[in-house]
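Protein chains in written order, with this note's numbering: chain S, 1 to 171; chain D, 1001 to 1110; chain U, 2001 to 2115; chain W, 3001 to 3088; chain G, 4001 to 4510; chain R, 5001 to 5149; chain P, 6001 to 6111; chain A, 7001 to 7088; chain Z, 8001 to 8083.
Where hints are given, some of them may not hold.
Far from chain A by the CB rule (all over 10 Å, computed), these chain D residues [said to hold, decoys possible]:
#, residue
1, Tyr1013
2, Leu1033
3, Arg1036
4, Arg1043
5, Thr1072
6, Glu1073
7, Arg1076
8, Leu1082
9, Gly1088
10, Gly1102
11, Leu1109
Here are the simulated distance ranges between beta carbons [stated by the list, open to error]:
#, chain 1, residue 1, chain 2, residue 2, range
12, S, Tyr92, W, Leu3005, 51 to 57 Å
13, S, Ala8, Z, Leu8003, 47 to 53 Å
14, G, Arg4029, S, Arg111, 43 to 49 Å
15, U, Arg2114, G, Gly4210, 38 to 44 Å
16, G, Arg4457, S, Leu45, 48 to 54 Å
17, G, His4027, S, Leu45, 25 to 31 Å
18, U, Pro2063, S, Val69, 37 to 43 Å
Because the hints were derived from the structure by calculation, they are not lab data.
For every residue, glycine included, the Cβ atom is placed at its ideal position computed from N, Cα and C.
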Amino acid sequence: MRRVAQIAATFALAFLVYLVLTIPSGPLGLWSLDELLAGAVISFLVALVSYRLLWERGGGRLLQPWRWVLFLVYLLGPFFLAMAKANLDVAYRVITGRIRPGIVRFNPGLRTDAGRTFLANSITLTPGTLTLEVDEATGDFYVHWINVRNVDPTPEEVCGPFPKWAKVVAE
Amino acid sequence: MREALTVLTGQGYWSPLIWAAAALGTFLLAGLLWWRGRREYKRGTEQELPFVSGERVENPRVGALHLYWGLTEALRPLLERLRGWHSGVVNDYAGWFVVVLGVVLLLLLL
Amino acid sequence: MIGNLPFVACMVLIALGLWTLVFKRNLIKLVIGIGLIESGVNLFLVALGYVRGGVPPIYTYAPAGAPMVLPTPQALTLTSIVIGLATTALMLAFAVVIYRHKGTLDARKIRDLRG
Amino acid sequence: MIVELSFGVAAAVLLAYALVCAIRLGIGPTAADRAVALDTINTLVVAIMVLVGAAFDLMIILDVALVYALLSFVGTLYIARYLEEGLK
Amino acid sequence: MGAHIPILAIAVPLLGGFATPLLAKLHRRLRDLWALLVVLFVGACVGYVAVHVFAQGLWVYVLGARSPQETLAPGGFPIRIMLVVDGMSAFMGIIAGLLALVAFPFALKFLPEEEGKNLALTLGLLLLAGILGMAYTGDLFNFFVFLEVTSIAACALIGYRTWTSRAPEAAFKTMLLYSLSGLLFLLAVALLYGEYGALNLAYLSAQLRGSRVDRLALALFLGALAMKAAAAPVHFWAPDAYGEAPAAQTLLLVVNTQVSLYGLWRVLFTLYGGVWDAGLGWLVVAMGLLTLVVAAFMALLQTDLGRLVAYGAVSQIGYMMLGVGVGLATLAGRPDYGLVALKGGVFHMLNDALTVGLLFLCVGAVEWATGTRDLRELGGLGHGLPEVALCFLLASLALAGIPPLNGFASKILIYEGSFRLSPILTAIAVLASILLLAVYARAFQGAFLGPRAEVPRRVPAVFLLAMAVLAVGIVVLGLVPGFFLEGVVTPAAEALWRGRAQYLAAVLGG
Amino acid sequence: MTVVVRTVARVLFPVALVFGGYVIMHGHLTPGGGFQGGAVAASALAMVLVAFGAGRLKDKKGLLSALESLGGTAFVVLGFLGLGLTYFANVLAGSYGLFGRPVPYGPNPGDLNTAGTLPLMNWAVGFKVLAGLGAAVLLFALFGGEDDR
Amino acid sequence: MSALIYAFLAIGAVFNGLGAVALLRFPDVYTRIHGATKCTTFGSIFSILAVVVHGAVRGGGDGIGMVIRAALALVFLLLTNPTGSHALARAAHRAGIKPFQAVVDRLEERK
Amino acid sequence: MSRWVALAAFLLVAGFLLFGAVALRPFGDPPRTEMDQYFNRYSQPEVAANNAVTAIVFDYRGYDTLGEATVLFTAVTGVALILRRLRA
Amino acid sequence: MTLWASLLTMSLAMTVLAGLLAVVLRDLLAAALALGAQGLFLSLAFYLLQAPDVAIAQAGIGAALTTAIFLLAIRRTRRKEEE
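Using the sequences provided together with the hints, build the complete structure.
This is how it looks when you write it as structure tokens:
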């Protein structure tokens, strides 16, 4: 039963991708019947092949729709701002060449793979930080920081509100 | 039947049957000689050993490698050059290909 | 405009590959050289098929009345690309096995078969 | 039409940047530098493909950019994986 | 079904190749039976095609056309791929089918039963399909595709013995040169396409004007196909490859070489037949003579039986090039001796397939029995393996051109033709022949004569049967050469000699 | 590789497969086809291979080679389908049956249900390329591992 | 709307240029990854957003298709780029490349 | 073989290739396009495929594609043969 | 039109440049990377020459699979070219 649910969820993801890819195709709303049928068959095959991989470590929970809404909010709000800031920061450093790099460690207290991935990618794209390694046992993040202000920082110092968002969106 | 057995070469023809007959005759002759000698051949005697200038040698076999020693020795410069071409380095082979291509191009385009 | 520059670029790629084959001694480098010749030939084929101001030969959503580039060379190039990958894979497999036996990839040392 | 032309100009500018990255690909002292340059070029080329597709006003050829965005990641992963072993 | 025989001859071995790994998963015997059935079917198909073509002229088969008028577009240019089987193609098909029929039963026994056997059988079938595809196709790009099929399959087979270091080395070298030649072939096809916008051989042949780009393409064709056919200064891969491949598969490699040579003839006679150049014939003759002499001398130096036989096989390529090159050089005036030499060259392809095939089978049998091929260690095998010794003797005599055997029948034609062109050619060819006789005498003496030696392993009956087939072929071709010459070789040679007009007419109509 | 890469690979794997399927399915309408889609899907396999290690796909080798053989066989057999006319004749096109809807000349939005045997051949080749390239990468990755010799 | 497109294109060009310059100017691998990844991702986002806006303005089947594909390319870039650079940076560290003038290196200490 | 001979031959061949590129018909302006015009015009009515390239690959030149699939299959079989686990 | 030509010229120039790098770099890993870059620019050139089918194939095969196979092969052999 559990397996069927997992397959169904994977199928939903795959079918969604397929539908998005074939949007302006026909009379049934945005799609034609052929596309829907073909998409269903392809998505079903793909779901059979890949559901195990997707669900293996709870990754499938990412498919819950409210997370997507939150993710969009996050993407357009804090993340985008941070990213813009990051780029101005890098621009400044490119021009002045003033850097104080180092690799620091902190523990944001995330437990799931999804949350860690989410945070790591956010960190990589935002001000002056670059995830180098995520310790799977302890959840420690090792981050290359281009302008080290504190050798043993707290998570907030490095990446602001992201860990909280990560908890909300991905855990 | 005659056509099947001959090869017309433009100048003349060649018929393998004559050759076959001649070869058969030769084989018969050889067989006769062999058969004549066979009667005096006795196993296990000195006759089984090969005759090497009257000497008795341990391994009486003439190695195949040394069969044309004189010829290879005489042609050594040529053969060494040929062997050098077959160097085993794949770049050289590709280089030969480029050379051939260049020669053919020169001949055809100039 | 740009004249026959694309063709020249293809031939330069092919010449680079030939240079690699003749003068570079590492087996994997030789495979790279074959890959270069391969891409030169592919580019040559596609460049042959270009028609000035053409659109891809696909009618779905194509602008009406626009000239289309020639489709045949593209079909040939598809075939050629896959063949190139197949060749590369096989040659690299040989290189790996050779390295396993001889511990080197230098063409000058891999010459058991000579003479 | 001027919009399409501006897309083309932007693509040309990005291609010039890719040339700059190719310099790093050539000189980069370590293989990691080169890999970073390649990764950057990948990103740039995806953007270029999207821009050129818009400049041609052909929607279907944007599929190429999609494929590239997906697959350059695989290439980068392979490079990272075998860079990490240090090779020999 | 009769109308589809040419494509079935290619599609069925392909299907066989694809299905063999699947069948091997089911049962081993089933796989063997399947491979044999496919090869038998192919043999029947090529036989049927040959009979049909020799009786009724060219056979054009258009792929994918839904109606006959789809064959040619309104402008008179062919748009689809077509198979065009003329006398020469049918002849090549016969050679391929014959050697495959011999090689596969041999291979089934010869290859050790392990993981690689399924794959080797698959590759053998695919190689066979590629060879037939090259022989039958009438489209240049299609020729290239099948050239690559044969290249890859052949090289994978050469590298079969991965546990030695020599086989991968030979395979890598061969693969490098093969793929180089394939790519340059493709470049030449692309040049022609750029000039004339077509890929069909007959259509291109009708359109060629002999411009500089055409000549560039011709040079690339010539270089690429000469490399693949192991002509002299680019023959270096051949001894490595022949020597290191498993014996049964070497037979297919020999056919592979010959079919490349066939491609060269196709390009020179049919494609460039309209704009051709007498100097080209001399170029082919020169390459042939160089091949003859170099390979014969190199054979003299060998200590490895397989490699020695391989050099002998390379030198036979020289004979074919000599014969056909004389024909090409005299094509303009069309004197009859040109045709004689051409016949000799074409006939020699068949003879070479039989004799060299038999020699490689003998080498394989020797290796099977003793586990080595080194002439320094071999000796005295004639006592233990009398049948193999007899076959080896027969084949080497035939290869050296000793009269009542088939080698002489083709060589005398080549000698006659080339003598009228220039006696020097004949003199060199005869000298090389004598040298080859010496070489094979040495090999025979080294391997089979001498004091009785232990033979650790018995040679199975299948081996002897396969060898007997080829040996009987050698003797029969030697004793009744006229029969084959009239029935098989002359149509093939005339397809090259005067066949261009018919070829074009059959494809393009009118 | 790290948890980050693995998680992203988990998500991207089905997406890439669907994308490959899309490219194969729309081969006769948009750029793409069996080879391209197969290559995309094979790259997805290669991604799993690199993110999770070769061990993950080790037991799939037989499956991949069987799939490849099946794809090749299907392709040849689809060619035999036209044997009433000639080999590779597209008997399904314009027949109003499976994939049989005819298409008018000129630009049109495209309809999946067209082109006769082409989509079927696309699928055969797609599976073949997917399995073949995946098997090739897998073989390279597995060679010389601790289980060899 | 075209003003928005031009603005996006300009921002994209500027930030991509910054990325390229950063790749050339920064002293070691990690800082280069900083510059290159962030700037080119940000710049490419804007370049692609320009196409999205253009497609939306243009409308019709083509326009919608353009929006969809450009947006998907954007999503893929956002998903894969940081992951790829993370993998590269980690690989560089594991391959033994020391960060330039680092004030602290906790990852090295861990080993 | 001497390095210099190879170098000279290489330069010769490269020169001829470049000459061929220049002597070929002008880029973007193919002189003979009957076959391709046929494909562009008739691939829709005959094959019912909008993509002329796919129509060529799988219909007009489907036999080539069969060969190509065979090449790929052969190469993968070859790789499996070369990289197989050896006998003990 | 000239814009298109300059784009094409640049991508062709970079194809050749990356090819040159693939030949001259002694580090085989770097050479493989350069070959990947060359395939990438080649794909861009195909794209500009209005051949999206070929560009997809080149992107899929040149970018991901060729690089992967080369790197897997280099991993099993020696990284530096010995001279």
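These are the hints, each one checked on the structure:
1. Tyr1013: 45 Å, holds
2. Leu1033: 51 Å, holds
3. Arg1036: 53 Å, holds
4. Arg1043: The assertion about Arg1043 (chain D) holds, with a minimum of 43 Å to chain A.
5. Thr1072: At roughly 23 Å from the nearest Cβ of chain A, Thr1072 (chain D) sits farther out than 10 Å, so the non-interface label holds.
6. Glu1073: 25 Å, holds
7. Arg1076: Holds: least Cβ distance 20 Å, greater than 10 Å.
8. Leu1082: 12 Å, holds
9. Gly1088: Holds: least Cβ distance 12 Å, greater than 10 Å.
10. Gly1102: The claim breaks: Gly1102 (chain D) does not keep its Cβ more than 10 Å from every Cβ of chain A (closest is about 4 Å).
11. Leu1109: 7 Å, violated
12. S:Tyr92 to W:Leu3005: 51 to 57 Å: Violated, at about 33 Å.
13. S:Ala8 to Z:Leu8003: 47 to 53 Å: Holds, at about 49 Å.
14. G:Arg4029 to S:Arg111: 43 to 49 Å: Because 57 Å falls outside the window, the suggested range is violated.
15. U:Arg2114 to G:Gly4210: 38 to 44 Å: 41 Å, holds
16. G:Arg4457 to S:Leu45: 48 to 54 Å: 51 Å, holds
17. G:His4027 to S:Leu45: 25 to 31 Å: 30 Å, holds
18. U:Pro2063 to S:Val69: 37 to 43 Å: 39 Å, holds
Hint check: violations occur at hints 10, 11, 12 and 14; the rest are consistent with the structure.
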